[in-house]
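Participant: Each chain, letter by letter, is given below.
Number of protein chains: 2
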Amino acid sequence: MTIIITAFERSPDGGKGLARDTRIRWALEEVGQPYEVRLVSFSAMKQAAHLALHPFGQIPTYEEGDLVLFETGAIVFHIAERHAGLLPEDANARARAIMWMFAALSTMEPPILELTTARLLEGDRSWAAQRMPLVADRVRNRLGPLSHHFGDADWLDGAFSAGDLMMVSVLLRVKASGLLDDTPNLAAYVARGEARPAYKRACDAQLAVAGNQQIG
Amino acid sequence: MTIIITAFERSPDGGKGLARDTRIRWALEEVGQPYEVRLVSFSAMKQAAHLALHPFGQIPTYEEGDLVLFETGAIVFHIAERHAGLLPEDANARARAIMWMFAALSTMEPPILELTTARLLEGDRSWAAQRMPLVADRVRNRLGPLSHHFGDADWLDGAFSAGDLMMVSVLLRVKASGLLDDTPNLAAYVARGEARPAYKRACDAQLAVAGNQQIG
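Chain order of the listed sequences is F and H.
The numbering of the first sequence is our numbering, which starts it at 1 and goes up by one.
The numbering of the second sequence is our numbering, which starts it at 1001 and goes up by one.
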């Protein structure tokens, strides 16, 4: 069955890989599954046809025969469960890989997203300059323990897994802030993720969308 | 194998059910699995023995033989995958139930937690009164689409699932703010969750910890 995902017609980051369809593309590339992409404009995302796929009017979505999914974590997990390459076979190691997926999305990503929210949605408010250090400290309070736990490992728990795919994707969002500089082992971890051929293919595919728009 | 979870020795909410061990207790009650609880003080949570179980120094954790897990979503999923009662058998319905678990934790909970963060950690700042309406609007921006999608259903997708367990648990956190009043169908949904015998048993067990402390 053909896999169809949705992505931004015009990504806010110009195709630099921070839009969440990158995570789905990366997972599909890791397991070697072809897929098609339907591009969605910001206005179309809020219209009935797209809301029927994604009640919150966002991207990405995932269609495969009768199955329609939204929510990046759930889509990556679905791909990982059905195709070899993203979850270990050992039951306990598999449970831990899933644990790291949830940790990336529930523990690490919220304060990291708040960095962007504070800048984009409150950057012009009177409190912006005073508040930003508090927001940055909350990110440091997550990066510190993760870095301590990670030590000099290559990946979170043995071989590369869907947990790493999600954690690297989340940490990529903090890269531009400079906060990763305090945790060189996590900076190296992110670079290790970015160096994976499947990640590069995912990014190239996303960048091609942005490139076509500049030409077209 | 005995299941051991950790919980606050003294819950910040006095045992009202908002601590995350409630979600684990509820899942275990739904599937009829007995469990033991090890209470952890705030200082012990940051010490090496507990950090070995939970790198971010929080509760709950889950131990079952050789398996150690943290992250509430991952623990509930582990329980749901191994015992009947929390995930549908049909493959597509199962994928959608997992999708709603992720949606509860990744899409709904971050702005809801920010309500608490803004009050507890920034309530004494000069911008607190001006900023709070922005934070509340972000919660409304999630509750509105969820309510629209939910309609007059009983649960998110057919029968009660781990997705509902997680969504109700997350929405319980917004109850005290009054924001649920604008979405009566979601308020009724939360009440439906609270009325489940398994939820009541989980809350009673948590409240008993707080009660014992008041006596002891």
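One or more of the hints may lead you astray.
According to the in silico footprint, chain F covers these stretches of chain H (three or more CB under 8 Å from chain F) [said to hold, decoys possible]:
{"no.": "1", "stretch": "1034–1042"}
{"no.": "2", "stretch": "1053–1067"}
{"no.": "3", "stretch": "1143–1156"}
{"no.": "4", "stretch": "1177–1185"}
Interface residues of chain F toward chain H, partial, derived using beta-carbon atoms under 7 Å [as the list claims (entries may be wrong)]:
{"no.": "5", "residue": "Leu-67"}
{"no.": "6", "residue": "Gly-73"}
{"no.": "7", "residue": "His-78"}
{"no.": "8", "residue": "Ile-98"}
{"no.": "9", "residue": "Ser-106"}
{"no.": "10", "residue": "Pro-110"}
{"no.": "11", "residue": "Gly-144"}
{"no.": "12", "residue": "Ser-147"}
{"no.": "13", "residue": "His-149"}
{"no.": "14", "residue": "Gly-151"}
{"no.": "15", "residue": "Asp-152"}
{"no.": "16", "residue": "Trp-155"}
{"no.": "17", "residue": "Gly-158"}
{"no.": "18", "residue": "Ala-159"}
{"no.": "19", "residue": "Phe-160"}
Honestly, the hints are just simulated from the structure, not real lab data.
For every residue, glycine included, the Cβ atom is placed at its ideal position computed from N, Cα and C.
Participant: Give a verdict on every hint.
Facilitator: We went through each hint and held it up to the structure:
Figure legend: the stretch 1034–1042 of chain H, annotated as covered by chain F; annotation inconsistent (0 residues with Cβ-Cβ distances under 8 Å, at least 3 required). Coverage of the stretch 1053–1067 of chain H by chain F holds in this model, with 5 residues showing a Cβ closer than 8 Å to a Cβ of that chain against a need of three. Interface restraint, the stretch 1143–1156 of chain H with chain F: holds (4 residues with C-beta to C-beta distance below 8 Å; minimum three). Chain F is given as covering the stretch 1177–1185 of chain H, and this is violated because 0 residues of the stretch bring a CB closer than 8 Å to a CB of that chain, at least three being needed.
Hint on Leu-67/F holds. Least Cβ distance to chain H is approximately 5 Å, under the 7 Å limit. Because the smallest distance between the Cβ of Gly-73/F and any Cβ of chain H comes to about 4 Å, under 7 Å, the interface hint for this residue holds. Hint status for His-78/F: holds, given a least beta-carbon distance of 5 Å to chain H, under 7 Å. With a least beta-carbon distance of about 5 Å to chain H, the hint placing Ile-98/F at the interface is held under the 7 Å criterion.
Hint on Ser-106/F holds. Least Cβ distance to chain H is approximately 5 Å, under the 7 Å limit. Residue-level restraint check for Pro-110/F holds (minimum Cβ-Cβ distance to chain H is 4 Å; threshold 7 Å). Evaluation of the Gly-144/F hint against chain H yields a violated restraint, the C-beta minimum of about 10 Å exceeding 7 Å. Below 7 Å, beta-carbon pairs count as interface contacts, and Ser-147/F has none with chain H, the closest being about 10 Å; its hint is therefore violated.
At a threshold of 7 Å, the smallest CB-CB gap from His-149/F to chain H is about 4 Å, leaving the interface hint in force. Checking Gly-151/F against chain H: minimum C-beta separation of about 11 Å lies over 7 Å; hint violated. Below 7 Å, beta-carbon pairs count as interface contacts, and Asp-152/F has none with chain H, the closest being about 15 Å; its hint is therefore violated. At a threshold of 7 Å, the smallest CB-CB gap from Trp-155/F to chain H is about 15 Å, leaving the interface hint violated.
A hinted interface residue such as Gly-158/F counts as satisfied when its beta carbon comes closer than 7 Å to some beta carbon of chain H; here the least separation is about 14 Å, so the hint is violated. Against a cut-off of 7 Å between C-beta atoms, the interface hint on Ala-159/F is violated, since the closest Cβ of chain H lies about 18 Å away. Interface restraint check for Phe-160/F: the shortest CB-CB distance to chain H comes to about 18 Å, outside 7 Å, so the restraint is violated.
When the structure is compared with the earlier hints, violations turn up for hints 1, 4, 11, 12, 14, 15, 16, 17, 18 and 19 and for no others.
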